Amino acid sequence: MIFDPNVILKHLPEIISGTGVTLALWIAGMLLGILIGFVVATLRRYGGRLLDVPLGLAVEVLRGTPFLIQIFLVYYGGPFIGISLDPIPCGLLGLSIYAAAYYSEIFRAGYASVPHGHVEAGECLGLTRFQIIRRILLPEMALIVLPPSVNLAVILLKESAVLSIITVPELTTTVSAIGSQEYAFLEAIFLLAIIYWVIVEAAARLGRLAETRLSTFRFAAS
Amino acid sequence: MSFKLFSLLVQASVWTIGISAISIGLGFLIALGLSAALLSGKALYRRPAEFFISFFRGVPLLVQLLLIYNLLPFIGLNVPSIVAAIVGMSLCTAAYQAENLRGGFESVPKGLIEAADMVGFSPRQVFLRIKVPIALRLTFPALVNEAIMILKSSSLVSVVGIVEITRMAQDLASSTYMPIEIFSSAALIYLVICWAVALAGRYGERSLPGAAK
Numbered sequence: 012m013i014f015d016p017n018v019i020l021k022h023l024p025e026i027i028s029g030t031g032v033t034l035a036l037w038i039a040g041m042l043l044g045i046l047i048g049f050v051v052a053t054l055r056r057y058g059g060r061l062l063d064v065p066l067g068l069a070v071e072v073l074r075g076t077p078f079l080i081q082i083f084l085v086y087y088g089g090p091f092i093g094i095s096l097d098p099i100p101c102g103l104l105g106l107s108i109y110a111a112a113y114y115s116e117i118f119r120a121g122y123a124s125v126p127h128g129h130v131e132a133g134e135c136l137g138l139t140r141f142q143i144i145r146r147i148l149l150p151e152m153a154l155i156v157l158p159p160s161v162n163l164a165v166i167l168l169k170e171s172a173v174l175s176i177i178t179v180p181e182l183t184t185t186v187s188a189i190g191s192q193e194y195a196f197l198e199a200i201f202l203l204a205i206i207y208w209v210i211v212e213a214a215a216r217l218g219r220l221a222e223t224r225l226s227t228f229r230f231a232a233s
Numbered sequence: 002m003s004f005k006l007f008s009l010l011v012q013a014s015v016w017t018i019g020i021s022a023i024s025i026g027l028g029f030l031i032a033l034g035l036s037a038a039l040l041s042g043k044a045l046y047r048r049p050a051e052f053f054i055s056f057f058r059g060v061p062l063l064v065q066l067l068l069i070y071n072l073l074p075f076i077g078l079n080v081p082s083i084v085a086a087i088v089g090m091s092l093c094t095a096a097y098q099a100e101n102l103r104g105g106f107e108s109v110p111k112g113l114i115e116a117a118d119m120v121g122f123s124p125r126q127v128f129l130r131i132k133v134p135i136a137l138r139l140t141f142p143a144l145v146n147e148a149i150m151i152l153k154s155s156s157l158v159s160v161v162g163i164v165e166i167t168r169m170a171q172d173l174a175s176s177t178y179m180p181i182e183i184f185s186s187a188a189l190i191y192l193v194i195c196w197a198v199a200l201a202g203r204y205g206e207r208s209l210p211g212a213a214k
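So the sequences go chain by chain: A and B.
In this text, residue positions in the first sequence follow this note's numbering: the first is 12, and each later residue adds one.
In this text, residue positions in the second sequence follow this note's numbering: the first is 2, and each later residue adds one.
No wet-lab data here; the hints were simulated from the structure.
Please read these numbers as outputs of a predicted model, since none were measured by experiment.
Cβ atoms here follow ideal geometry from the backbone N, Cα and C, with glycine treated the same way.
Don't take every hint at face value.
Covered stretches of chain B (in silico footprint by chain A; criterion: 3 or more residues with CB under 8 Å from a CB of chain A, positions within the stretch not fixed) [unchecked claim]:
no.	region
1	52 to 66
2	179 to 191
Taking beta-carbon pairs under 8 Å as the criterion, some of the chain A residues facing chain B (in silico) [claimed, not checked]:
no.	residue
3	F83
4	T183
5	L197
6	L203
7	Y207
8	V211
Simulated DEER-style distance windows between Cβ atoms [unchecked claim]:
no.	chain 1	residue 1	chain 2	residue 2	range
9	A	R56	B	Q12	41 to 51 Å
10	B	M119	A	V50	52 to 62 Å
11	B	L45	A	G128	51 to 61 Å
Chain A extracted, bound-state conformation (with noise of 0.2 Å):
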């Protein structure tokens, strides 16, 4: 095996375009599944009974299978109920939604973190159950669900690699493509795995800065 640095240069622009595929994918997965799963852990906990039990059984199974089989239900099984999707917005629904069920626990939790005298405080204003939710409960939680979500948007962005298999033209499905084209596979492996281990090391490094910006905001603050 010789390493020839020109296959990569040839393929360059192909390997930018996968890169910018996953990126892409990763973040807008990432921000849908914040907002979902936002809006279900709220449901859930104003939402009554009637809400928690079917969300929180949704989130369960969500939680209890893998990724793969997420996709294949979507990605095959959607066509035979009408809902025929190409790869990328079906990469992205099952990405969003994957995400969501995980966001919406940490929300959970970080919802279970504001004590309780805080919110009754916030009532005893007057204030309104927006108003507590976005004055004193987003706030209060931002630096509890901070680190868990960057934990969670790291094995999202790992998890991306699996759309590879339903043909979405992300990062593993390209560098692969270009491997076998070249009779060069285990290199093409070799770079897409270090591709991703400068992304994942970035944004980890990237979630670090956030966490001691906001913790030194917030004790500034206090």
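Using the hints, position chain B against chain A.
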């Protein structure tokens, strides 16, 4: 969906459970070595262990499996794909378990170690009778979590051609044109296995010595 199809999926779950169990076990042994290296205080041991952990936690399991599956034959080891799958999963879980164990060893209360020193325990006895039992007790919940993660991740070994639940479901779905029924059943089987492990974990936690009463 017929009972026969469902029973095929259940039979395939033996592979899922077997591969996961072996990987967790092997991973635990590797993790013991890694955590010892991390805590040795010598850069010579610590650095390679940190490098290993960073790599296996930073690269998707799917990519690791593809790497090992193609690397082993390249370095002259023509092993069946099941071995590649187990090696890949063990190395991956070892990296996660090593971090857990390190945390466990670090949170053994100092006072207990000092007390053991005072009553004349040798360093070896301190390690075997104080540090190891307490660290294992502390990291047990994390181990159960990791086992559940590995059970779910084991669906990825389907890409190297091992007919466990996911691969069986794929094959059945393409031959019967009933993907919804088949993949839902597969999901249900995973769910039952994960719940069983979680339940066993909770039971184990209560019955281990030193459980919170």
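So, going through the hints one by one against the coordinates:
1. Only when three residues or more bring their CB closer than 8 Å to a CB of chain A does the claim for the region 52 to 66 of chain B stand; here the count is 10, and the claim holds.
2. Counting residues of the region 179 to 191 of chain B whose CB lies closer than 8 Å to any CB of chain A gives 7, so the stated coverage by that chain holds, three being the minimum.
3. At a threshold of 8 Å, the smallest CB-CB gap from F83 of chain A to chain B is about 5 Å, leaving the interface hint in force.
4. Interface hint at T183 of chain A: satisfied, since its Cβ lies 6 Å from the closest Cβ of chain B, which is below the 8 Å cut-off.
5. For L197 of chain A, the interface hint holds, since its Cβ comes within 8 Å of a Cβ in chain B; the closest pair sits about 5 Å apart.
6. Given hint, L203 of chain A at the interface with chain B, holds; its Cβ is 5 Å from that chain's nearest Cβ, closer than 8 Å.
7. The criterion of a C-beta within 8 Å of any C-beta in chain B is met by Y207 of chain A, whose closest approach is roughly 5 Å, and the hint holds.
8. A cut of 8 Å between beta carbons decides the hint on V211 of chain A: the least distance to chain B is about 4 Å, and the hint holds.
9. Taken as a hint, the range 41 to 51 Å holds for the pair R56 of chain A and Q12 of chain B, whose Cβ atoms sit roughly 42 Å apart.
10. Hint check: M119 of chain B to V50 of chain A, Cβ distance near 56 Å, so the stated range 52 to 62 Å holds.
11. Distance hint check: the CB atoms of L45 of chain B and G128 of chain A are about 52 Å apart, consistent with the given range 51 to 61 Å.
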